[in-house]
Amino acid sequence: MDELEFRKRVYANPRDLDGEVLEAARANPDYQKIVDETLAFEDSLIPLIESAETPEGLMAQLLSIPETAASVGSNVSAIRAKKQSFFQYYAVAASLVLAVGIVFSLSVNSGPSSADIVFGNELLAHLYHDIEEIDDITNGETYETLDLDEVNFSMAVAGTRLVSYDDAQEFDVRSAKPCEILPAYQSAHLVLEGSHGAVSVIVINNSPVDVKFSFRDDRFNGIVVPMEQGNMILVGEKNEDLNQYASMFSENVEWVI
Amino acid sequence: MSEIPVLEGNTKKQRYESLVAALYQDVFRYAFWICKSKPMAEDLVQETFLRAWRSLESLQSDRAAKAWLFTILRRENARQYERYRPELVDIDGQSIAESDSNEPDSKMDRELLHNAINRLESEYREPLLLQVIGGFSGKEIAEILELNNNTVMTRLFRARGKLKAEFGLSTETDEES
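Line by line, the protein sequences are chains A and B.
Counting from 1, one number per residue, gives the positions in the first sequence under full-length UniProt numbering.
Counting from 1, one number per residue, gives the positions in the second sequence under full-length UniProt numbering.
Only chain B is shown next, with the shape it has when bound in the complex:
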C-alpha cells in the first residue's frame, strides 16, 4: 500500500483534518459495503472519526492510518449495529454512481454483480473490500481481520471464485486452508 500523507500539521486539529481529507472517502466506501446502507454507513463513519479524533495521539505513522481507521470502523460496526440490525440491503442504483468507460456490459450485469457482492458471506466480502478499497496487502488484511495470511489469500480466491461463478466464469473450488 502506498504511503499517504495523512498526518500533516503541527496541531492535533490540523493532523485530524489531513486525516479526514485523505481517507474519509475510502472509509465511507468500506462502511457502505459492510453496512449495505448509505445512511447507516454515514453514521458509522462519523462515529469512526469521532473515535479517531479522541485517540489521535495513538496513531504514530501515516502508513498505519488507513488500517487504523478501518479497524476502528469494523469494531464500531460490530459493537453498535451488528447485534441489533436486521439484514438490510438498500445498496441500489441510487447509492452507486453511474460509471463511465469501465461500466459492465449492461445495467443488468452491473446490478447482478452488485447483488452478488452483497450476497457474499462477510468472511469473503470483507477481505475483498479491504483489498479493493483499502489497497491492503494480504498481510495487512490478515492483521486487520486477525487471520493468518494463507486464510486471507484463500478467502480472496473464494470471494472472486464465487462472484465469477455467478457469471458462469468459474466454479467454486477448494476448501479454506
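Here chain A stands alone, though its shape is the one from the complex:
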C-alpha cells in the first residue's frame, strides 16, 4: 500500500481502521506516525465538533410541538409564525435594509414568517424587473389583448390553465409569459389592465407560503393566496382592489400537474 492510499484510508475513518491498514502501520514506522498523528488530531476535532451546546429549553420546545401543531392544524407557516423565530427578526431587518417601506399584513392572526417576508421581497423585485412593461400597460400604451390559448400557453409552464376565460375577459390580459420568481419555481406571469393600472397575476406551481398574506410598498400592494397545488400572487397599484381578481382566478385556475 503506497502512502497516498494509506493516508486516504486512515483519514477517511480514523476511528475504524481495518486490519490491512493496521498491519501496514505496524510494518512501517512512518505509517504508524501518520496513524498516531491522525488519532491525536481526532482527539481535538471530535470533542470540538460535539461540544456545540444545546440551547436551554430546546427539548421542551420540541416536546410541545404535537400540541402546537394540534392548535394550529397542519399549517407549517402558522406554526413557524407562532415561534417568533430568529429568522423573523433577521428577515425583518434584512427586508428593512433591502426594501425600505415594504409593509406586510396578514389575513390571519399571526405574523408572516421570515420565508414569507423574503418571498414578498422576491415578488416585488420581480415586479420591478418588469416595470417598463407594467408602466406601459398602466399608461395605456399596450393595446394587445391575449386570447385564452395564448394565456394558457404560458400558464402551462406553471402546470396550470384557465378553464374559463369568460370572467377574465372583463379584464383585458395584456401580457402572459413564463417566469421565474425563484429558480426552483416554475411560474406564469399574466398582466391585466385593472381599474387603476396594470395588475400582475402570478401563478406558481409550488407553495412557498401556506397562509394568505398581503404586502405593499410605496407604489404597489399585493396578496399571496395559497391554492391547491401552488400559490397565486396578485400585485397592483396600491389603490387597486385585488380581491375581485383573486376570486375570479381562484375559481378558474385548474392545476394539471
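Don't take every hint at face value.
Claimed, not checked - Derived coverage of chain A by chain B (criterion: at least 3 residues anywhere in the stretch with Cβ under 8 Å from a Cβ of chain B; other residues may be distant):
#1 12-26
#2 40-51
#3 56-67
The hints are simulated quantities; they were obtained by calculation from the structure and are not laboratory data.
Every residue gets a Cβ at the ideal spot worked out from N, C-alpha and C, and that includes glycine.
Given the coordinates of chain A, work out where chain B should sit on it, guided by the hints.
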C-alpha cells in the same frame, strides 16, 4: 452505527417523545455546524421536528431514525435558508462549550480548528459532520448525501487533509474520484 431505541411507546406522541429525547442533541449539533449560527440552528431543528411529527408514520425503524431526521434537516435547510442567507459565522466561544481533558493545546488552537472547520467547503464539511456527529458509516453518508461511497470516502479524506494542512500536519493531495 449503533441502534438507538428511539421509537418506544404505544402512541404516536410517545414515539415522538422518545425520538426527541434520543436524538435532539445530535440533530441540533448537526444543524449548528451547517448553519454556523445557534439561533438559526435552533429554528431549523424545530422545523425539522415539526416535520418529523407530521410524518412520523413513515418512519418504520429505530435504525433509520437519525438518518431520516438528518435528511429532513438538510432538505429544510436548503429549502428555507440557503438561498437567502448571507454567509454568517457566529460560531464562537459562546456557542461552543469549554471542554476538559480533550481540549486542544491552547485556546488559540481551538479557535483555529474551529475556524478551519467553518472554512471547509460544504462538500467536505457535511460528510465529516455526518461521520462525527451522526456516527454514520461511509455507506450511510453516501445515502444521505446521494453520493457514491468512494466519493464520500475521498471527501472525508480531503476534509481531514485540509484541516490537518492548516496545522502543518499534512498536505492536501489527490483528486476526488
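Checked hints:
Coverage of the stretch 12-26 of chain A by chain B holds. Counting CB-CB distances below 8 Å, 3 residues qualify, and the rule asks for three or more. With 10 residues having a Cβ less than 8 Å from any Cβ of chain B, the stretch 40-51 of chain A passes the three-residue criterion, so the hint holds. Proximity of the stretch 56-67 of chain A to chain B, defined as three or more residues with a beta carbon under 8 Å from a beta carbon of that chain, is established by the 7 residues found.
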